Amino acid sequence: MTILGQAAELVVSADAELIGIVGLSLRVSLTATLIASLLAIPLGAALAIWQFPFRQILIVISTSLMALPPVVVGLIIYLLLSRVGPLGHYGILFTPTAMIIAQSVLIFPIVLALTREAILPLNRDYKNLLDAWDVSPVQRLKTLIWDARFAVVTGLLAGFGRALAEVGAVIIVGGNIAGFTRVMTTTIALETSKGNLQLALALGIILLSIAVLINAVIHWIGSFGSKYQVTR
Amino acid sequence: MRFILAFLILIAPVSTYAEDRFITLASTTSTQNSGLYDYLLPIFTAKTGIGVRVISVGTGQAIRIAQNGDADVLLVHHRPSEDAFLAQGYGIERRDVMYNDFVIIGPKDDPAKLAGITRASDGLKAIYDAQTLFISRGDESGTHKRERALWADTGIVPTGDWYREIGAGMGAALNMAASVEAYTLSDRGTWLSFGNKGDLALLLSGDDALFNPYGIILVNPAKYPHVKIDMARTFSDWMVSAEGQTAIGAFTLKKVQLFCPNANPKLNLKTICPTSVP
Chain A
-6 MTILGQAAEL VVSADAELIG IVGLSLRVSL TATLIASLLA IPLGAALAIW
44 QFPFRQILIV ISTSLMALPP VVVGLIIYLL LSRVGPLGHY GILFTPTAMI
94 IAQSVLIFPI VLALTREAIL PLNRDYKNLL DAWDVSPVQR LKTLIWDARF
144 AVVTGLLAGF GRALAEVGAV IIVGGNIAGF TRVMTTTIAL ETSKGNLQLA
194 LALGIILLSI AVLINAVIHW IGSFGSKYQV TR
Chain B
502 MRFILAFLIL IAPVSTYAED RFITLASTTS TQNSGLYDYL LPIFTAKTGI
552 GVRVISVGTG QAIRIAQNGD ADVLLVHHRP SEDAFLAQGY GIERRDVMYN
602 DFVIIGPKDD PAKLAGITRA SDGLKAIYDA QTLFISRGDE SGTHKRERAL
652 WADTGIVPTG DWYREIGAGM GAALNMAASV EAYTLSDRGT WLSFGNKGDL
702 ALLLSGDDAL FNPYGIILVN PAKYPHVKID MARTFSDWMV SAEGQTAIGA
752 FTLKKVQLFC PNANPKLNLK TICPTSVP
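Which chain is which? The protein sequence lines are A and B, in order. Residue numbers for the first sequence, in our numbering: -6 to 225. Residue numbers for the second sequence, in our numbering: 502 to 779.
Calculated from the structure, these hints are not laboratory results. Please read these numbers as outputs of a predicted model, since none were measured by experiment. From the three backbone atoms N, C-alpha and C, an ideal C-beta is built for every residue, glycine too. Mixed in with the good hints there might be a few duds.
Beta-carbon label-pair distances, calculated as ranges [as the list claims (entries may be wrong)]:
(1) A:Ala60 - B:Asp521: 38 to 44 Å
(2) A:Ile52 - B:Pro612: 56 to 62 Å
(3) B:His727 - A:Leu190: 39 to 45 Å
(4) B:Pro612 - A:Glu10: 18 to 24 Å
(5) B:Asp731 - A:Val64: 47 to 53 Å
(6) A:Glu10 - B:Asp731: 40 to 46 Å
(7) B:Thr546 - A:Leu31: 35 to 41 Å
(8) A:Ala9 - B:His727: 45 to 51 Å
(9) B:Asp630 - A:Ile52: 44 to 50 Å
(10) A:Ser6 - B:Asp731: 38 to 44 Å
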């Protein structure tokens, strides 16, 4: 009960540092989700719709990459962005940009695989119709993605959840710098290492509450959308 | 499209914030977790307008970060590694900044009977003889390297069920020691600021072999031209100046001084060092 009390107290106090940390968590994870989905949704749909060389191999690889440990992604991005790495001269290691890149890579396979799963059954139903109309490939992609949008958004949320919850990648490429790259999960890891277990748990509860809130909002947008579609 | 818009709306209000003038400091968890930087850096930033971004990891990893040119300044606590870093040409202008000490932590009821022992190596021997659990950092941090050196002094090669290398930070080692009633070596700062002491207690300290000095090193701009050498040097100069040293000496946690400034012996700051520190 005291932990819940402390969590509530933290929220009510609206501590500027905490707001900054929560804001950065959301900014990094939402941007990463956006970037990953802009690439993964069309590609996932394409994998579901068309036959092309290496398609099966791509599917196996993308599904396996869903199990990619965040710390491995962090390490790879770290080696790429480090000053001695191939992208070192941009100097973006230990910045929020580096964290966004790492999380985008991390959740790309998830959004890709779940989009493919969402489009696959729909494509079976639509294929003959779309073939008969002789629609362009772009139009075909757009139609299928739009009609599978609720399932696609579920995949998106899965990706966002993973991004928001992971600590292994952001702590390596972000460096957990106070006021600059410190996010919810790295704060929780830090407070745990300081032995402030109650505070760590209180922060965990706040993180969970934010996830619930965002999911609720998107769910609400979704159900609003489907109602709108029916009445139209 | 609506979902993309919804995302944009969620992202938009969080503005980017970043100082133009900043340096990156690779340092240790022992200095960060004690709260020293939270206290010290605002004073420095207020005076110079230079922000300091601290990456706190183990000494081994901090040196690695600096070696890759990903930091401008290094502040760590393992002299042999620091000297190697300088000798390999990665660093310049090493200075003493401050020191404190390592302490041996263990269960209050002290099954290995450490109380009364003054030498650290005798203490470790007692732990070995009693075969009580010992948590080793196992992460190439300054504390871990010191622990290995202390074991080497005893002539014992620590292996077996009682010796657990966890490959994690000081806090994680203390958390584990608290939950399985084990001994461990910690720096005094992390121990004092640690919030989950449970049934742990400080059992051995004061041996000269537990002396824990910190040094500040600039990353060599000849090796990495992008290094912000001017601002980094301003920081290093300030840390060893009378003002910086006084600030370090004035930092306390639970009314205990954690670090003893020793950059300039002439200032005779030793007089304000805690008696517990050798």
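Between Ile52 of chain A and Pro612 of chain B, does the C-beta distance stay in 56 to 62 Å?
57 Å, holds
Distance restraint evaluation - Ser6 of chain A, Asp731 of chain B, Cβ atoms, bounds 38 to 44 Å
Since the Cβ atoms of Ser6 of chain A and Asp731 of chain B sit about 39 Å apart, the hinted range of 38 to 44 Å holds.
Does the Cβ pair Ala9 of chain A, His727 of chain B satisfy 45 to 51 Å?
32 Å, violated
Confirm or reject the claim that Thr546 of chain B and Leu31 of chain A have a C-beta distance inside 35 to 41 Å.
38 Å, holds
Cβ separation of Glu10 of chain A and Asp731 of chain B, checked against the hinted range 40 to 46 Å:
Violated - the Cβ-Cβ distance for Glu10 of chain A and Asp731 of chain B, about 30 Å, lies outside 40 to 46 Å.
Take a look at whether the Cβ-Cβ distance between His727 of chain B and Leu190 of chain A falls inside 39 to 45 Å.
40 Å, holds
Quick check: does the Cβ-Cβ distance between Asp630 of chain B and Ile52 of chain A fall within 44 to 50 Å?
Since Asp630 of chain B and Ile52 of chain A have Cβ atoms about 59 Å apart, the given range 44 to 50 Å is violated.
Between Pro612 of chain B and Glu10 of chain A, does the C-beta distance stay in 18 to 24 Å?
42 Å, violated
Is 47 to 53 Å right for how far apart the beta carbons of Asp731 of chain B and Val64 of chain A are?
At 35 Å between Cβs, range violated.
CB-CB spacing for Asp521 of chain B and Ala60 of chain A relative to the 38 to 44 Å hint:
41 Å, holds
The structure is inconsistent with the numbered hints 4, 5, 6, 8 and 9, although it conforms to all the rest.
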